[in-house]
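*Asks:* Single-letter residue listing:
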Amino acid sequence: MFTNPARNDWMLLAGFSAVILCLPILLEPIGAAYPALMQKFCIFGIFAIGFNILFGLTGYLSFGHAAFLGVGSYAAVWSFKLFTMNAIPAIVMAVFFAAAFALVIGYVCLRRSGIYFSILTLAFAQMSYNLVYSVLTPLTNGETGLQLSLQDPRIIDGLFFEPAAGLPRVNLFSTYISGGGYAGFYLCAVMLIVCFYIAMRIFRSPFGMMLRAIKSNQNRMRYTGFNTRPYLLAAFVISGMYAGLAGGLMAATDPLVGAERMQWTASGEVVLMTILGGVGTLVGPVIGAAVIKYFENIFSAFGERTLHNVFGFLPDAIEQPVVSFFALFVGDGWNLTLGVVFMLIVIFLPGGIMEGLRRIWNLFNRRPGDRETMPAAQTQPAE
Amino acid sequence: MTRNVVLHVADVHKSFGGLHALSDVDLQVEEGTIHAIIGPNGAGKSTLLNVCIGRLAPDTGAVVFDGQVITGKQPHEINQMGVVRVFQTPEIFPDLTLLQNVMVPAFAKRDGPFRLNAMQPVEKRTDIRDMALHWLEDVGLAGQKDAIAASLSRGDKRRLELAMGLVQNPRLLLLDEPTAGMSRHDTNSTIDLLKKFKGRGMTKVIIEHDMHVVFSLADRITVLAQGRIIADGPPDEVRGNPKVQEAYLGGAH
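Read top to bottom, the protein sequences are chains A and B.
Oh and the first sequence: position 218 is 218 in this note's numbering, straight run, nothing missing.
Oh and the second sequence: position 208 is 208 in this note's numbering, straight run, nothing missing.
Hints were generated in silico from the structure; no laboratory data involved.
Mixed in with the good hints there might be a few duds.
[Said to hold, decoys possible] Distance ranges between label pairs, derived from CB positions:
#1 His134(B) x Trp361(A): 34 to 40 Å
#2 His134(B) x Phe348(A): 41 to 47 Å
#3 Pro89(A) x Gly201(B): 53 to 59 Å
#4 Gly42(B) x Ile360(A): 53 to 59 Å
#5 Asn365(A) x His134(B): 33 to 39 Å
#6 Trp264(A) x Arg228(B): 54 to 60 Å
#7 Val64(B) x Met343(A): 53 to 59 Å
#8 Ser153(B) x Ala36(A): 53 to 59 Å
#9 Met11(A) x Ala150(B): 27 to 33 Å
#10 Met127(A) x His20(B): 35 to 41 Å
#11 Val19(A) x Ser153(B): 39 to 45 Å
Glycine residues also receive a C-beta, built at the ideal position from the N, C-alpha and C atoms.
With the rest of the complex left out, here is chain A (with noise of 0.2 Å):
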């Protein structure tokens, strides 16, 4: 773990940063380079970084961290509502209201562990989801969804602009950033390697490993001297300032939210990323968001005519059952194959995507004394 750390963690942020900026390159091959995707892939990864620095490494388990997505995202969109189209008061607006919302939430929540610790999050997710239907319809614009429109004050762009004709976009100073382009792409993008820099500090740092500790013997940190609680307080809002960001950046890119984004299915899809790139692990959360988005995006948009391509070949007789039975598993029902997956990884691989990786790379770099395979799930961050 010593050995010569500083250097190893440049070279994998310099080596994530060259991935992440080149992945319109990269990912023409697998007809995953359009911005729109690509900048999911970023949002996502922000989200399940963050999921992780409480899940990873604190064990605590939230199933409800869809609730400050939706904050980051409604305080995003009232910051281009009332004040100003620019991204960066938005971003800023939307990460602290997630943060002050999971200070609230984090308080009630933590007093309780394990199961019953999930079931509060999980309650309060859904609580707030109700809410934004019923009660605080005037700030949520209930099931029609929060949107611009042309009668916003936007104060600040009003005192240096003339309004043009239909509604403003989103822009960074005199970059537009929503409507799919390149430059959304490239605005998430370097708020992921910066989100993915700061969550590296913190694994390294003596908070990180006293998070770890905590989920190791959290008991024995009591009686070791610490006082548990604010540290995972301090995990909880941290992470909760990540899924706020996730959610100010999806505003940004589409300023347009609605309740859905809070239901728990959202909440659950976090932790499925999570687990399916590797708990604890510093790159695996990003490969799972971008793994389930990308298959999503995929399998949802394959149909019965797909199909029938693929499987031409195939005697009529043969072809029809074949056909019918995968048709259950694209379009809207691609979910049963990310049940499948999901449940393959967690009985074969339950380290995830980035066990596999290390389990092929100790394929082809076995040497004689070879340090013995430890369960890297749960002991080391992936380098």
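Go by the hints and put chain B onto chain A.
*Replies:* Using the frame of chain A, we list chain B on its own:
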């Protein structure tokens, strides 16, 4: 020579349902000594330690450490005052390396119960690392510092936990059967280790079944039986006490 009383268990009574685990236990531990608590199984020894570190609240009575009542305080507050316990079944951080296991308590000692030092690399804290390595060497585990603690044998886990306690340089170290499950050789090296820090401002209370350990270490022995103190004094006096021989030594030997 009269010494300061560092720990005073004052008239503590604790019962679980109808069972009187501790009755009117009044015990004074002098600073810088090694104080052994012995007694047959079920005598209330572990309950007494749990009361001292705040894991259990006594029904009546109080525990006074260094002039302050510590009953009712949080476990981490009691630890920060300088009371450290080494558990009977090893309580370590199984997923961390040995070095990290010892660094964590060292951080508690240096940085207090909470500090948000999230942006500083662990490696920059060479002070913590040196403290941890020093104690790993003293318990003979420095060679495995990067191994995962879960992989250790039970005896090694106990030695690791001893290092975790000693790295905090506690004023009062409570040891619950520190040599149980150790080989004779390891037991002797543990005795030597505990002797090494005798009278350096570190007081030790030790619960032990192994009479060899008790009589080679203790300055004073308290004998508990059925939740009551039946004898209290220097080793020779306790050894000769007929009540003790009847209640405990007679049965064991």
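*Asks:* Against each hint, give a clear statement of whether it holds in the structure.
*Replies:* Hint check results:
A hinted range of 34 to 40 Å holds for the C-beta pair histidine 134(B) and tryptophan 361(A), which are about 35 Å apart. Between histidine 134(B) and phenylalanine 348(A) the beta carbons are some 43 Å apart, a value that agrees with the proposed interval 41 to 47 Å. For proline 89(A) and glycine 201(B), the Cβ-Cβ distance of about 57 Å falls inside the hinted range of 53 to 59 Å, so the restraint holds. For the pair glycine 42(B) and isoleucine 360(A), the supplied restraint of 53 to 59 Å holds, since their beta-carbon distance comes to about 55 Å.
A hinted range of 33 to 39 Å for the beta carbons of asparagine 365(A) and histidine 134(B) is consistent with their spacing of about 34 Å. For tryptophan 264(A) paired with arginine 228(B), a C-beta distance near 57 Å keeps the hint of 54 to 60 Å intact. For valine 64(B) and methionine 343(A), the hinted distance range of 53 to 59 Å is satisfied, since their beta carbons lie about 57 Å from each other. Distance hint for serine 153(B) and alanine 36(A): a CB-CB separation of about 56 Å, consistent with the stated range 53 to 59 Å.
Checked against the hint of 27 to 33 Å, the pair methionine 11(A) and alanine 150(B) passes, with Cβ atoms roughly 29 Å apart. The hinted window of 35 to 41 Å between methionine 127(A) and histidine 20(B) is violated, with their beta carbons roughly 48 Å apart. Between valine 19(A) and serine 153(B), the C-beta spacing of about 43 Å keeps the proposed range 39 to 45 Å intact.
When the structure is compared with the earlier hints, a violation turns up for hint 10 alone.
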